[in-house]
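Numbers 1 to 248, taken from the UniProt record's numbering, label the letters of the sequence shown in order.
Some hints could be false.
Unchecked claim - Each computed DSSO-like pair below joins lysine-lysine, with the alpha-carbon atoms no more than 27 Å apart:
no. : residue 1 : residue 2
1   : Lys17     : Lys69
2   : Lys52     : Lys162
3   : Lys204    : Lys193
4   : Lys71     : Lys52
5   : Lys52     : Lys99
6   : Lys162    : Lys69
7   : Lys17     : Lys162
8   : Lys17     : Lys71
9   : Lys52     : Lys119
10  : Lys17     : Lys143
11  : Lys162    : Lys193
12  : Lys162    : Lys119
13  : Lys52     : Lys88
14  : Lys99     : Lys204
15  : Lys88     : Lys71
16  : Lys119    : Lys71
17  : Lys162    : Lys99
18  : Lys143    : Lys162
19  : Lys119    : Lys99
20  : Lys143    : Lys52
21  : Lys143    : Lys119
22  : Lys119    : Lys69
23  : Lys52     : Lys69
24  : Lys143    : Lys193
25  : Lys69     : Lys99
26  : Lys162    : Lys71
27  : Lys52     : Lys204
28  : Lys88     : Lys119
29  : Lys99     : Lys71
30  : Lys193    : Lys119
31  : Lys143    : Lys99
32  : Lys204    : Lys162
33  : Lys17     : Lys52
34  : Lys143    : Lys88
Unchecked claim - Just the calculated beta-carbon pair ranges, DEER-fashion:
no. : residue 1 : residue 2 : range
35  : Pro19     : Ala184    : 39 to 47 Å
36  : Ser217    : Asn98     : 42 to 50 Å
37  : Lys52     : Tyr202    : 29 to 37 Å
38  : Asn39     : Ala10     : 32 to 40 Å
39  : Asn98     : Asp195    : 44 to 52 Å
40  : Lys52     : Cys4      : 18 to 26 Å
Please keep in mind that the hints were generated in silico from the structure rather than gathered at the bench.
Yeah, the Cβ is synthetic: ideal placement off N, Cα and C, and Gly gets one too.
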Amino acid sequence: CGPCLRIAPAFNALSNKYPQATFLEVDVHQCQGTAATNNISATPTFLFFRNKVRIDQYQGADAVGLEEKIKQHLENDPGNSEDTDIPKGYMDLMPFINKAGCECLNESDEHGFDNCLRKDSTYLESDCDEQLLITVAFSQPVKLYSMKLQGPDNGQGPKYIKIFINLPRSMDFEEAERSEPTQALELTPEDIKEDGIVQLRYVKFQNVNSVTLFVQSNHGDEETTRITYFTFIGTPVQATNMNDFKRV
Numbered sequence: 001c002g003p004c005l006r007i008a009p010a011f012n013a014l015s016n017k018y019p020q021a022t023f024l025e026v027d028v029h030q031c032q033g034t035a036a037t038n039n040i041s042a043t044p045t046f047l048f049f050r051n052k053v054r055i056d057q058y059q060g061a062d063a064v065g066l067e068e069k070i071k072q073h074l075e076n077d078p079g080n081s082e083d084t085d086i087p088k089g090y091m092d093l094m095p096f097i098n099k100a101g102c103e104c105l106n107e108s109d110e111h112g113f114d115n116c117l118r119k120d121s122t123y124l125e126s127d128c129d130e131q132l133l134i135t136v137a138f139s140q141p142v143k144l145y146s147m148k149l150q151g152p153d154n155g156q157g158p159k160y161i162k163i164f165i166n167l168p169r170s171m172d173f174e175e176a177e178r179s180e181p182t183q184a185l186e187l188t189p190e191d192i193k194e195d196g197i198v199q200l201r202y203v204k205f206q207n208v209n210s211v212t213l214f215v216q217s218n219h220g221d222e223e224t225t226r227i228t229y230f231t232f233i234g235t236p237v238q239a240t241n242m243n244d245f246k247r248v
């Protein structure tokens, strides 16, 4: 198609500019099954995959817009970090967190939930007291193996946690207090360090669409709780067979 021919030189240039990503070109006429499997209705369409899982797409022959999308995913790629503590076969599930579907009750106006999804100097802090009620939604079903829930060593780091999954509706603090969780945790100071990993009961987290974390207290009985970084480690329930894609 005309738009495909127009953007082809830019696509080739981007593949050289960003060697950390793998660029594949698919002829939808030669690979009609692949096009149908991925619901390609117009060309050019650019699909983005991570660990064999489709995470995004971009349509149209706008080279600037395509590059912005590529940069967005490379910047958010957990694989670009120095983490070496994720077991083989699992991955950081940050790319599969649907931020629009997340909610945090009792967050500070100055230090909101989005802060703890980034590895920088910002942080999430509770507002009126030490408790937080966090709901995390995923863009597709996942299996959870463990999580990282990092906090400071000044007593404000989270300690007692209750975890719930796939709740049909949002819960409030009173309901969280009295409800039986999928798993309850008492975090140690080691757990909330930068290199800490909090193990989950894997068999109980096999088909997860959402997780609700009730942070009940912190380590120093401080007035507020801080979380500096937060993510889950696991796998998507379904993965795409990349053998359907052929280099051309």
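So, going through the hints one by one against the coordinates:
For the hint linking Lys17 to Lys69, the alpha-carbon distance of about 14 Å falls within 27 Å, and the restraint holds. Distance check on the hinted pair: Lys52 and Lys162 sit about 32 Å apart at the alpha-carbon level, beyond 27 Å; violated. For a cut-off of 27 Å, the pair hint linking Lys204 to Lys193 stands: about 25 Å separates their Cα positions. For the hint pairing Lys71 with Lys52, the CA-to-CA distance comes to about 19 Å; that is within 27 Å, so the pair holds.
For the hint pairing Lys52 with Lys99, the CA-to-CA distance comes to about 21 Å; that is within 27 Å, so the pair holds. With a C-alpha separation of about 36 Å, the suggested pairing of Lys162 with Lys69 is violated against the 27 Å cut-off. Annotation: proposed proximity of Lys17 to Lys162 is violated, straight-line Cα distance about 45 Å (limit 27 Å). With a C-alpha separation of about 11 Å, the suggested pairing of Lys17 with Lys71 holds against the 27 Å cut-off.
Distance check on the hinted pair: Lys52 and Lys119 sit about 25 Å apart at the alpha-carbon level, within 27 Å; holds. As the CA atoms of Lys17 and Lys143 are separated by approximately 34 Å, the hinted pair breaks the 27 Å bound. Restraint check: the Cα-Cα separation between Lys162 and Lys193 comes to about 19 Å, which is no more than 27 Å; the hinted pair holds. The hinted pair formed by Lys162 and Lys119 meets the criterion: a straight-line CA distance of about 24 Å does not exceed 27 Å.
Proposed proximity of Lys52 and Lys88 is supported: the alpha carbons are some 15 Å apart, at most 27 Å. This hinted pair checks out: Lys99 and Lys204 have alpha carbons roughly 23 Å apart, not beyond 27 Å. Restraint check for Lys88 and Lys71: the C-alpha separation of about 26 Å stays at or below 27 Å, so the hint holds. Between Lys119 and Lys71 the CA atoms are separated by roughly 17 Å; this keeps the pair inside 27 Å, and the hint holds.
Among the hinted pairs, Lys162 with Lys99 is consistent with the structure: their alpha-carbon atoms are about 21 Å apart, no more than 27 Å. Restraint check for Lys143 and Lys162: the C-alpha separation of about 18 Å stays at or below 27 Å, so the hint holds. At roughly 16 Å between alpha-carbon atoms, Lys119 and Lys99 fall within 27 Å of each other, so this suggested pair holds. Restraint check for Lys143 and Lys52: satisfied, since their Cα atoms lie roughly 15 Å apart, inside the 27 Å limit.
Distance check on the hinted pair: Lys143 and Lys119 sit about 23 Å apart at the alpha-carbon level, within 27 Å; holds. Proximity of Lys119 to Lys69 is assessed by CA-CA distance (about 20 Å); at most 27 Å being required, the pair is judged to hold. Restraint check: the Cα-Cα separation between Lys52 and Lys69 comes to about 18 Å, which is no more than 27 Å; the hinted pair holds. Straight-line distance between C-alpha atoms of Lys143 and Lys193 comes to about 24 Å, which keeps the hinted pair within the 27 Å bound.
Only pairs whose Cα atoms come within 27 Å are accepted, and Lys69 paired with Lys99 is accepted, the gap being roughly 17 Å. Among the hinted pairs, Lys162 with Lys71 is inconsistent with the structure: their alpha-carbon atoms are about 36 Å apart, more than 27 Å. For the given pair, Lys52 sits about 24 Å from Lys204 by alpha-carbon distance, which is consistent with the 27 Å threshold. Proposed proximity of Lys88 and Lys119 is supported: the alpha carbons are some 22 Å apart, at most 27 Å.
At roughly 19 Å between alpha-carbon atoms, Lys99 and Lys71 fall within 27 Å of each other, so this suggested pair holds. Restraint check for Lys193 and Lys119: the C-alpha separation of about 13 Å stays at or below 27 Å, so the hint holds. For the hint linking Lys143 to Lys99, the alpha-carbon distance of about 18 Å falls within 27 Å, and the restraint holds. Between Lys204 and Lys162 the alpha-carbon distance is near 14 Å, which keeps this suggested pair within the 27 Å criterion.
A distance of roughly 22 Å separates the Cα atoms of Lys17 and Lys52; the hinted pair therefore holds under the 27 Å criterion. Note on Lys143 and Lys88: the hinted pairing holds, with a Cα-Cα distance of about 14 Å set against a maximum of 27 Å. Range check, Pro19 to Ala184: about 46 Å between beta-carbon atoms, so the 39 to 47 Å window is met. Take Ser217 and Asn98: their Cβ atoms lie about 28 Å apart, and the range 42 to 50 Å is violated.
Judged by the Cβ atoms, the range 29 to 37 Å given for Lys52 and Tyr202 is violated: they are separated by roughly 20 Å. Judged by the Cβ atoms, the range 32 to 40 Å given for Asn39 and Ala10 is violated: they are separated by roughly 24 Å. For Asn98 and Asp195, the hinted distance range of 44 to 52 Å is not satisfied, since their beta carbons lie about 27 Å from each other. The hinted range of 18 to 26 Å is satisfied by Lys52 and Cys4, whose Cβ atoms lie roughly 25 Å apart.
In the structure shown, a violation is registered for the earlier hints numbered 2, 6, 7, 10, 26, 36, 37, 38 and 39, in ascending order.
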